[in-house]
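Trainee: Sequence:
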Amino acid sequence: MTDARVDPVPRWAFGALSLSLLVLGAAAGVPAPLYVVYQHEYGILPSGLTGAFAIYILPLAGALLVCGRLSDHLGRRPVAVVALLLDSVACGVFTQVDSTGVLLLARSIQGLATGLGLTAIAAFVIDLGPARCPGLAGAVTGAAAPGGLAAGALVSGALVAHGPAPLVLVYVVFAALLGLAAVAVVLAPERASRTPGALRSLRPSVRVPDGAYPLFATACLCFIASWALAGYYQALGPSVAAGVLGATSPLAGGLVLAALTGTSGVTGLAVSGVGHDRAMLGGLAALLLGVLGVVGSLAAGLTAGFFAATVVAGAGFGASFTGAMRWVLAGRSAAERTGLLAAVYLVSYLGSAVPSYLVGLTVPAWGLLGSTAAYGGLVALLALTSAAAAVLLRRRTRRQAWASPGSGSAGRGPVANDSRSPGAGAGPTMRRQ
35 MTDARVDPVP RWAFGALSLS LLVLGAAAGV PAPLYVVYQH EYGILPSGLT
85 GAFAIYILPL AGALLVCGRL SDHLGRRPVA VVALLLDSVA CGVFTQVDST
135 GVLLLARSIQ GLATGLGLTA IAAFVIDLGP ARCPGLAGAV TGAAAPGGLA
185 AGALVSGALV AHGPAPLVLV YVVFAALLGL AAVAVVLAPE RASRTPGALR
235 SLRPSVRVPD GAYPLFATAC LCFIASWALA GYYQALGPSV AAGVLGATSP
285 LAGGLVLAAL TGTSGVTGLA VSGVGHDRAM LGGLAALLLG VLGVVGSLAA
335 GLTAGFFAAT VVAGAGFGAS FTGAMRWVLA GRSAAERTGL LAAVYLVSYL
385 GSAVPSYLVG LTVPAWGLLG STAAYGGLVA LLALTSAAAA VLLRRRTRRQ
435 AWASPGSGSA GRGPVANDSR SPGAGAGPTM RRQ
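Under the numbering used here, the first residue of the sequence shown is numbered 35, with each subsequent residue one higher.
Bear in mind the hints are in silico, worked out from the structure with no lab data behind them. Do not take every clue at face value.
As the list claims (entries may be wrong) - So the derived label-pair ranges between C-beta atoms look like this:
1) G365 to G335: 46 to 52 Å
2) L119 to A251: 31 to 37 Å
3) W46 to L392: 41 to 47 Å
4) A195 to W436: 54 to 60 Å
5) P44 to H74: 47 to 53 Å
6) R432 to V206: 52 to 58 Å
7) V136 to R430: 27 to 33 Å
8) T229 to T419: 37 to 43 Å
9) T396 to L418: 18 to 24 Å
Glycine included, C-beta positions come from ideal geometry on N, C-alpha and C.
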């Protein structure tokens, strides 16, 4: 698929599409503060809550596999509009939740909508990214999902705690926001030309460009480490706050998720001018420290320490995920972006769903604190492994650059990834290994 940049992109379009991506992510964060309410009102078990998160991932992953490249052929606009409207339907189903079955149905529809919309809207944002700030579009696509989760959780917690009809109002509000986002998508200029092959593109696949496999495999460890923690906070964060720290308010549950994902979104944007590998490695270090602090604070019963450590872990999540995202997207053409974005999101969401569902099964035997400690150890191990793999890959690539013929003047060879590169649209990419 080729870019069709003939007319200048209106200034409002990039911002409107970025907000649309944020709203899509925010809708996914709305149910989290309500899980404690569902648990008390309808007797839903912790395994049911983590199951609701896991069932959200299955259609999301299926949509990424089957429809991840559909917008390359039909255009970004129609795919994005369908996704946003389908998500508003999910909001309607959420208003009827009174049992585990209805909750699973609503989350399934929401997962399908999110998977369909993620790559289409993210690719739309990158298509409309301002040329004067090449790192911004990549930073926005990396920050929108966690930042949206934070916004959705905060708004949800506040409306449930202080608004009328707590199990209905928040979903009505977000159905309206998703409708407005669909209008913004319709009005935004399409900058990707349609190409034949839409039906062939529905064959389940994700596409990693030739030469990007070593880098993508390394980045996958980072995606899994960061999103595994986010998955646990979405599924059980409010329950941990209520059961271990005694913070039972839905607003407190929203603050727990927002402390992680909100910090992540802000940090992701803040590191847009930092080299991708430096952002990734620095983020992994903060993620490791934050996770250890979370487990220690819960063991000591320190509410303030728990929130402070969560903020540190959230900063690590945002920097590491955004850095890794920009690293794998660096220099890729429009035709390569959607397949690669589908692969990134598929790995990230599966990495968040599978571990969090399995650990939910351990809560009856280990308790919330024991399960959190075990999960924190897993995330810490993944972060360490990811950092080590990134350092080794960077050193290997630089050695190959120095040894390659025509590498430039003596004493300085080209580096496959210049850590000063500003963003997804700039800088050379990793060489084929």
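Trainee: Indicate, hint by hint, whether the structure satisfies it.
Mentor: Comparing the hints with the structure gives:
{"no.": "1", "hint": "G365 to G335: 46 to 52 Å", "verdict": "holds, 49 Å"}
{"no.": "2", "hint": "L119 to A251: 31 to 37 Å", "verdict": "holds, 36 Å"}
{"no.": "3", "hint": "W46 to L392: 41 to 47 Å", "verdict": "holds, 44 Å"}
{"no.": "4", "hint": "A195 to W436: 54 to 60 Å", "verdict": "holds, 59 Å"}
{"no.": "5", "hint": "P44 to H74: 47 to 53 Å", "verdict": "holds, 48 Å"}
{"no.": "6", "hint": "R432 to V206: 52 to 58 Å", "verdict": "holds, 54 Å"}
{"no.": "7", "hint": "V136 to R430: 27 to 33 Å", "verdict": "violated, 51 Å"}
{"no.": "8", "hint": "T229 to T419: 37 to 43 Å", "verdict": "holds, 39 Å"}
{"no.": "9", "hint": "T396 to L418: 18 to 24 Å", "verdict": "holds, 22 Å"}
The structure fails to meet hint 7 from the earlier list, while all remaining hints are met.
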